[in-house]
Amino acid sequence: MGKAVLTGRHFWYGNIAIAEGAIAAGCRFFAGYPITPASEIAEHISRRFPEVGGIFVQFEDELASMAAILGASWAGVKSMTATSGPGFSLMMENIGLGVMMEVPVVVVDVQRGAPSTGLPTLTAQGDVMQAKWGSHGQYEIIALSPESPQEAFDLTIRCFNLAEKYRVPTILLASESVCHSAGKVVVPPEEEIEIVYRKKPSVPPDEYLPYKPDEDLIPPMACAGEGYSIKTTGLTHDERGYPDTTPEAQEKLVKRLNDKIRMHREEIVEVEEDFMDDAEIAVVSYGQVSRPAKRAVKMAREEGIKAGSIRLITVWPFAEHIIRKWAKQVDFFVVPELNYGQIYLEVKREACGNAETILVPRMGGRLITPEEIYHEIKKVVGR
Amino acid sequence: MEETCELLHPIDRWLKTERMPHIWCPGCGVGPTIHAWVRALERVGIEKEKVVYVSGIGCCGRGSGYLDVDGFHTTHGRAIPFAVGLKLANPELCVTVISGDGDLFAIGGNHFIHACRRNNDLLVICVNNFIYGMTGGQLAPTTPHGGYSTTSPYGNIEHPFNTPHLADAAGAVYVARWTSIHVRELELSIAEALRMKGFRYIEVLSPCPVNFGRRNNFPEPDAMAKWFAQSSVIMHGADTSKVAIDMGKPIILGNFVKREGKPTYYELLRKLEEMRRKR
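Taken in order, these protein sequences are the chains called A and B.
Just so it is clear: in the first sequence, position 158 is 158 by our numbering, and no numbers are missing.
Just so it is clear: in the second sequence, position 232 is 232 by our numbering, and no numbers are missing.
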């Protein structure tokens with residue numbers, strides 16, 4: 001058996017870092033379909049999995065890939081798929097099933113220009129709202145957005161840990177520019193990597209109810225073949241996993257599926273703050289746009305402008321408590337993103353009129369430069 | 001003195017009896033099909049804990065909830081890929097997909113042919129009732145040419161799939177067709193399939209008196225069952241290209257295809273791993 005954790009220093013593309021992060025996290029089932037700019041993840045895993053005892057399957061489409069990772073996770077194996085916008089759209093169907101059945105899986109979306117076929121080889125951040133709202137009905141989901149190959153590695157591991165802990169499909173919201181840029185990736189020793197595994201039932205099979213939550217609203221998860229006679233369905237169900245299509249059951253289940261994430265928001269949300277102590281202008285960014293954003297903030301500081309940076313490492317659930325807090329201090333939120341205003345809307349909503357929110361949109365195809373963001377900061381100062 | 005004794009049906013230990021009555025209409029063939037499957041599991045002696053029942057959406061979809069085995073009621077058309085993932089991740093499990101013709105051959109058709117091609121280790125049973133039953137009788141990819149449905153009110157202009165031929169052509173290692181009134185033959189066929197490895201396919205023609213029969217000259221509740229009884233001809237090993245269903249012609253039943261020695265996807269995967277290690 002080959003080494004699963006390649007401890008050491010590497011020069012990796014973001015896509016390779018994601019694949020290695022998944023292997024380090026214990027992922028041993030991958031299902032996918034070729035798509036630019038995510039294909040290198042599948043290619044790398046197809047080479048690596050035979051060395052570590054993993055199962056790689058190239059499916060006929062993304063519908064099947066997403067369904068297969070749910071099945072594999074129910075068999076007790078950490079599972080992942082990776083795609084880009086067009087495939088992500090197809091996966092929405094079974095992301096919904098994953099939410100309803102509460103299946104720990106990781107979905108990587110390497111964002112590219114969209115709508116539709118859009119810009120297959122060029123970057124964007126247009127799938128942010130789709131990650132949250134793409135499947136029908138109301139649910140909460142977890143999505144993390146890496147700014148570099150190193151973080152692509154680290155956050156892929158964190159995605160698995162969060163998926164396992166909260167029993168929810170978890171999305172690595174990457175982008176072409178992160179996944180096709182190479183950078184230094186330090187892989188720590190195996191024993192230093194925190195690995196979380198789903199909680200198992202503590203009661204015998206005859207007392208086990210597959211959807212009876214603990215106090216944290218998360219039910220322990222038995223897997224297929226363990227003798228628990230699991231019942232699970234995409235229909236609204238009761239604690240036994242039996243279909244119960246009544247308004248009462250719907251109220252109880254949908255509320256819990258949302259609340260189990262919302263009640264842990266502060267634990268799940270991770271942000272990086274720079275120069276915020278006395279900031280009057282906060283640049284809110286995520287993904288690779290954070291790098292020019294942080295550079296622009298430094299440029300502003302060099303000019304004596306009290307600018308700060310809030311980088312959303314966790315995109316969903318939204319860092320609403322963080323934005324609400326800083327809205328009391330800053331006068332402006334400047335939100336650069338590679339779309340026509342998505343996280344901007346969330347920031348604006350949480351600013352509650354306490355601070356003005358300014359969008360710096362680019363439709364995708366290339367990153368925003370530090371100068372472009374700095375220019376917007378200067379414009380704000382001039383008001 | 002009065003003696004009481006609890007009478008159990010032989011397959012009660014496989015059922016979630018507290019969930020009865022089930023949702024299926026009188027005269028439906030889903031129940032007899034599941035019954036035959038369970039009896040075949042008993043016959044072959046498969047451990048209950050290892051049995052996994054995956055279903056899609058539609059009348060058949062509900063079946064996985066009535067059995068005292070691990071049951072997964074998945075999305076429309078995706079039962080096969082879900083089951084493929086599950087079985088590959090734990091090869092010790094005995095995984096069966098029981099689903100309908102619309103689920104497996106319309107929305108899920110692509111997954112069906114690709115799982116055949118890959119020879120994924122699954123038993124797939126299609127309860128073919130020629131119609132979308134759950135949604136109220138719409139046209140299916142199996143509705144006979146000229147057949148009536150709520151979305152082909154003037155008769156079906158399309159041609160139905162010959163599903164055993166499709167499975168055969170795509171590489172399934174076991175292909176059979178029975179009807180839900182041929183319970184004995186069906187049980188034996190399922191048992192034979194359960195003893196094999198690879199992608200095994202059994203089509204079970206089923207009456208749907210409510211949503212197919214009454215619109216297609218089978219007005220009585222038992223008329224479709226009588227049609228099966230009167231029109232069926234058993235021809236084991238029949239050429240699957242010649243078993244298409246056409247109203248007014250004989251229905252060919254039997255165990256059509258048995259391919260021995262074709263390695264499963266999983267076996268090839270493990271072989272590849274061995275090779276990689278030796279290199």
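Calculated from the structure, these hints are not laboratory results.
Careful, some of the hints might be misleading.
[What the hints assert, rightly or not] Heads up, incomplete: computed chain A residues facing chain B, CB under 7 Å, no partners named: (1) 69; (2) 72; (3) 181; (4) 182; (5) 183; (6) 231; (7) 239.
[As the list claims (entries may be wrong)] Rough simulated footprint, nothing fancy, chain B against chain A, three-plus residues with beta-carbon under 8 Å: (8) 6 to 16; (9) 44 to 58; (10) 244 to 254.
Just so it is clear, CB atoms sit at the ideal spot from N, CA and C, and this is done for glycine as well.
How the hints compare with the structure:
1. Satisfaction of the interface hint for residue 69 of chain A is found here, the shortest Cβ-Cβ separation to chain B being roughly 6 Å, below the 7 Å cut-off.
2. At its closest, the beta carbon of residue 72 of chain A sits 4 Å from a beta carbon of chain B; the interface hint therefore holds under the 7 Å criterion.
3. This hint is violated: residue 181 of chain A has a C-beta 30 Å from the nearest C-beta of chain B, more than the 7 Å allowed.
4. A hinted interface residue such as residue 182 of chain A counts as satisfied when its beta carbon comes closer than 7 Å to some beta carbon of chain B; here the least separation is about 26 Å, so the hint is violated.
5. Among the interface hints, the one on residue 183 of chain A is violated; its C-beta lies about 29 Å from the nearest C-beta in chain B, farther than the 7 Å criterion.
6. Checking residue 231 of chain A against chain B by beta carbon gives a least distance of about 5 Å; that is within 7 Å, so the hint holds.
7. This hint is violated: residue 239 of chain A has a C-beta 14 Å from the nearest C-beta of chain B, more than the 7 Å allowed.
8. Counting residues of the stretch 6 to 16 of chain A whose CB lies closer than 8 Å to any CB of chain B gives 0, so the stated coverage by that chain is violated, three being the minimum.
9. Proximity of the stretch 44 to 58 of chain A to chain B, defined as three or more residues with a beta carbon under 8 Å from a beta carbon of that chain, is established by the 5 residues found.
10. Counting residues of the stretch 244 to 254 of chain A whose CB lies closer than 8 Å to any CB of chain B gives 0, so the stated coverage by that chain is violated, three being the minimum.
In summary, the numbered hints that this structure violates are 3, 4, 5, 7, 8, 10.
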